[in-house]
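Please put together the full structure from these sequences, using the hints given.
Residues -17 to -1, 1 to 136, numbered by mature numbering (1 follows the signal peptide of the UniProt record, and there is no 0), are exactly what the sequence shown covers, in order.
The set of hints was computed from the structure by calculation and includes no laboratory data. You may find that some hints are simply not true.
[Said to hold, decoys possible] Below, in silico cross-link-like pairs of lysine-lysine (DSS-like), each with a Cα-Cα straight-line distance of 30 Å or less:
hint, residue 1, residue 2
1, Lys83, Lys110
2, Lys83, Lys6
3, Lys110, Lys80
4, Lys95, Lys83
5, Lys6, Lys95
6, Lys110, Lys95
7, Lys6, Lys80
8, Lys95, Lys80
9, Lys87, Lys6
10, Lys6, Lys110
11, Lys87, Lys110
[As the list claims (entries may be wrong)] Here are the in silico distance ranges between beta carbons for each label pair:
hint, residue 1, residue 2, range
12, Ile24, Gly97, 41 to 47 Å
13, Lys83, Thr52, 16 to 22 Å
14, Ala108, Thr52, 19 to 25 Å
15, Ile24, Thr75, 21 to 27 Å
16, Asp55, Lys110, 16 to 22 Å
17, Gly84, Pro17, 26 to 32 Å
18, Thr75, Cys25, 32 to 38 Å
For every residue, glycine included, the Cβ atom is placed at its ideal position computed from N, Cα and C.
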Amino acid sequence: MRLSTPTLALFCALTTAAPLASKHNIYLGTCARPHSCLLIICDDPDPITAAAYYASGASTTARPTEITTISDPAAAWEGVSRSGRLTVGTLTSAIDKGAKGVVKGEIAGSAKIGSEEYVCFKDGATKFVVQGWDDWSAQRVSCTADYWCASTS
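See the structure below:
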């Protein structure tokens, strides 16, 4: 079989092309709220589950584009569908029931914002800080990413 030069060039370009995907990322995490004190009495608030959306790629040093509380107090991500409202659309996550037991970096489930699909990976180690959101404390809130989701669009 003989292929023309233009056909070979097209074939080479197609087979070596990098996959195209969006920079959009989501951290599905558990956040520890700061202690609140009234005079000498301090409470130890329960953690919450939250989703941090990054329109320009995930970064532990960058401020998320948006963040939404998923559950207060915190609830497990695994085995149930969780959702929250973002200005770009409704976030829905579907983390597999056994995902808590997989190693970091393995596929753990999926998520969706509007029509944009995401694949989610086990994390459990990445830390990020949220500060100054309208419905969040003006203080720094420390979060751990349980799962990291990357857009497939």
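Do the hints match the structure? See the list:
no. : hint                       : in the structure
1   : Lys83 / Lys110             : 17 Å, holds
2   : Lys83 / Lys6               : 25 Å, holds
3   : Lys110 / Lys80             : 23 Å, holds
4   : Lys95 / Lys83              : 20 Å, holds
5   : Lys6 / Lys95               : 14 Å, holds
6   : Lys110 / Lys95             : 22 Å, holds
7   : Lys6 / Lys80               : 27 Å, holds
8   : Lys95 / Lys80              : 18 Å, holds
9   : Lys87 / Lys6               : 21 Å, holds
10  : Lys6 / Lys110              : 19 Å, holds
11  : Lys87 / Lys110             : 14 Å, holds
12  : Ile24 / Gly97: 41 to 47 Å  : 44 Å, holds
13  : Lys83 / Thr52: 16 to 22 Å  : 21 Å, holds
14  : Ala108 / Thr52: 19 to 25 Å : 22 Å, holds
15  : Ile24 / Thr75: 21 to 27 Å  : 39 Å, violated
16  : Asp55 / Lys110: 16 to 22 Å : 20 Å, holds
17  : Gly84 / Pro17: 26 to 32 Å  : 31 Å, holds
18  : Thr75 / Cys25: 32 to 38 Å  : 36 Å, holds
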